[in-house]
Amino acid sequence: MIRKKILLLGDFGVGKTSLIRRYVDRTFDDRYLSTIGVKISRKQISLENELYELLIWDIEGETPVRAIPKSYMKGAAGAIFVADVSRSHTIDDLDRHIQRFNEINPGAPHVLAYNKCDLLDEKRIQKIVQGSDALPVSAKTDYNVEKLFESLVRRIVQ
Amino acid sequence: MSTASFPRKSLRQKNNVSDLEKLKELLLSDELERLKELEERLREISVECRDPEALREKISPLFDEILSRHLRSKDRKTIEILARHLAEILRESSEIDLPSLTHALQKVLSPAIADEISANKERMIDALYPIMGGMISKYVTNAIRELVASINAKIDEGFSLRSLKRKIKAKVTGVSESELLLEEAAEPTLESIFVIQKETGLLVAEAHLPQSGIDDPTMVASMASAIKDFINDWISSQSLSSIQEVQLLSYGDATLYIEEAGSVYLIAFLDAEPGYDLRKRINRFFSSLLEEYSDFFQHFDGDDSRPEISEIHEKILDFLQSECDEENLPQSERNDKTSFAKILFGLLAAALLGVLLYRGGLSLLRDYRFGQIEKKIAQQTGEHVRLSLGEDGKVLVSGTLKHLKDAPKILAILHRNKISSLRMAFALPVPELLERLDESRTLRDELNTSLEKLQDDLASQSRRYASLLEELNTTRAQLLHLRRQLRDLNASLSQQARRRERIVRQLHFLQGIDEELRRHLRNAFRGTSLLRADGKTLDFRSEHLFHPGSSNPDPKSLRKLTQAYIRYISALFSDARVRPYLHAILVEGHTDSSGNARTNLRLSKERAQKIMRYFRSLDVTRKYRAASLLQAQGVGSSDPVIVGGREDHNASRRISIRYEIDRDKVQEAIQRIVK
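Chains L and P, in that order, give the protein sequences.
All residue numbers for the first sequence refer to our numbering, where the first residue is 981 and numbers rise by one.
All residue numbers for the second sequence refer to our numbering, where the first residue is 623 and numbers rise by one.
Check before you lean on any hint, since a few could be wrong.
[As the list claims (entries may be wrong)] Derived BS3-like pairs (lysine-lysine); straight-line CA-CA distance at most 30 Å:
| id | chain 1 | residue 1 | chain 2 | residue 2 |
| --- | --- | --- | --- | --- |
| 1 | P | K1040 | L | K1023 |
| 2 | L | K1054 | L | K1127 |
| 3 | P | K1040 | P | K998 |
| 4 | P | K1040 | L | K1054 |
| 5 | P | K998 | L | K1023 |
No lab work stands behind these hints: they were computed from the structure.
Produce the complete structure using the sequences and hints provided.
What follows is the structure, given as structure tokens:
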């Protein structure tokens, strides 16, 4: 089994924790998130005859009173950048998150997720997603959640 | 004060005195009681003054207080006095109680090392590190700490004031004395050890004792890593430059002791804060892991199937077990171990001193050797260079060169003198360099010109080769076309040759058809007299086939005639090509010459007709479809058989058979072929 550290990054309230909760059946105590700004979950995934254990670091969205410690991002094999499809500024902020991640982990792969796609109609989502390689997901309806994590792992192991 | 000071009087006076005493007792009873107490106290003090131990016991608390006050105020004089006394006490203690090598070395080395470290810390580290490596350096640092602790112990022993040390420590660290007392009494239990990759927070290896209660090491490692990162980040954000890294974390009853080096850090989980000795053992264990697995730690990619992980797990488990056993040892055995550690330290310190002296000697020798080499260089090249040992351990060759050409000579001299690891830091002669640069530029220009010419030539050659290649391809295509034509021509010629052969064979056959038939017949009738000399006529003359005047054949002779006919027909049709060119197979009837010619002619015709019909009825005739070819013909007695000049009448009454070739047909076929 091969362990990999992956990050979930994005603005406050975009649904990172919900995505992990949907994807991972077992979660760690949420108190850790509120105390130190990170919650770590674990999920095993089998891909191409190899078993991977993902240590998913759910890093709390940056707020004026809390900055994300740089050291949390170090050594990540990849990252999922999450935005709220119903709040356009969270999509705009993705560039900033990606840039910061790339500075610390140059060359590490990432995927983009537009969460809460259950809130908008399909036509509008297509219009928003058009031109980007983001994957529309919904933690609420479990739409594309498994696919999202799997696509990141595929990029990591490539 | 003494009672003897009261004056003695007469008896009366005595009585008066007695009365006075009584009066005093009545009036001054309290004061007298107090006086007695004072007398008792004075006696006690007198006794104590004669007993140093008792006196020390009384003074100690006061001394503690005074010393403590002075130390708090950092009174230099007190410290000087204390230091002087300490030195004396140490010296006396070493002479009386500790004659061993360990303490003697400690006495000599500790001030020197302590002074050196405090005065030139960086230099000491630089000097120690390359020689003894990180691990030994770390060990020496720990050993120095042990020495300091040992000195403190000596102070305690000298004064019998264990509490003094505790008080000082409490003042210095800010930890209350009661907590320090608790720490001394409590022996922490090492429950588990984690080795975690620093950057990723991934668990590399871990082991824990069954009672540790850790059920998910991977998550614990990640969370511990996150917590440590969080605190370190907070420290750096608060600009607390004096605090470098988190080393101890406590929550509830658990304490995390964190040591980091290289690409990993080690976290030891304990049930209380570890003491100095335990930290030292953990550090030593960590150093041994680093030494053995540093490469593996550096390149760890999260793959937990690597065999090193189980090895490390076993080592950690062994260490935990040994610590568990250590904890259960009786106090006396631990003291023995401590003594052993002190001896070990002593030996190490002696080795360090030896190494330092050795290095000093080496340095002198090296300077002398460098001087000799510098002289040699000056004599052989006229250049004046200086050799020195660089910070990277390489020999630094410096100076100003007069001529560039001397550089290889200097290198050769250095190599001859076994100096291969070197770094050149020459100042080079600028005019000569410029001259060389001009030469290089000229050479470069010439080379560029040659190169351009070569490129042109190459381009021209390439064009020529392209043209030739094109021609070659055209020629090749033509050749291929010609080859195909030749092949077709050959095939046509072969076909024509075969056709010509076939025609020639046909012509030969047609031209020699008669001769060929004769050859077959001769072969068929070899050894008989049935075939005439012409080779084509079967003459059945000697078998008395017909009786005179009769056209009915004799049955016995007919059987023989039949056999001869079958053989004749079979030979005639043995070549299927003959059949189209046969015009007829004539069956001729003969008579003898007796009787008249007309009768003989009729009889011969009858005989021929009968035999012909008989032949047509035979299977062999049907087989070769020869019935249409059979024709009957009577020749009468025109061809009698003459034997010995006279006619043989029996033989003359006979049948002869011969074939006729259709000459016209043969001629037509020949003409057709020739056309």
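Mind checking the alpha carbons of P/K1040 and P/K998 for me, to see if they're no more than 30 Å apart?
Holds, because 14 Å separates the two Cα atoms, which is no more than 30 Å.
Regarding the pair P/K998 and L/K1023, is the alpha-carbon distance no greater than 30 Å?
With a Cα-Cα distance of about 72 Å, the restraint between P/K998 and L/K1023 is violated, given a limit of 30 Å.
Holds or violated: L/K1054 to L/K1127, with C-alpha atoms at most 30 Å apart
Given that 30 Å is the threshold and the Cα spacing comes to 25 Å, the pair holds.
Holds or violated: are the alpha carbons of P/K1040 and L/K1023 at most 30 Å from each other?
violated, 61 Å
Just to be careful, I want the Cα atoms of P/K1040 and L/K1054 compared with a cutoff of 30 Å; is the pair within it?
violated, 47 Å
Of the numbered hints given earlier, the model fails hints 1, 4 and 5; all others are met.
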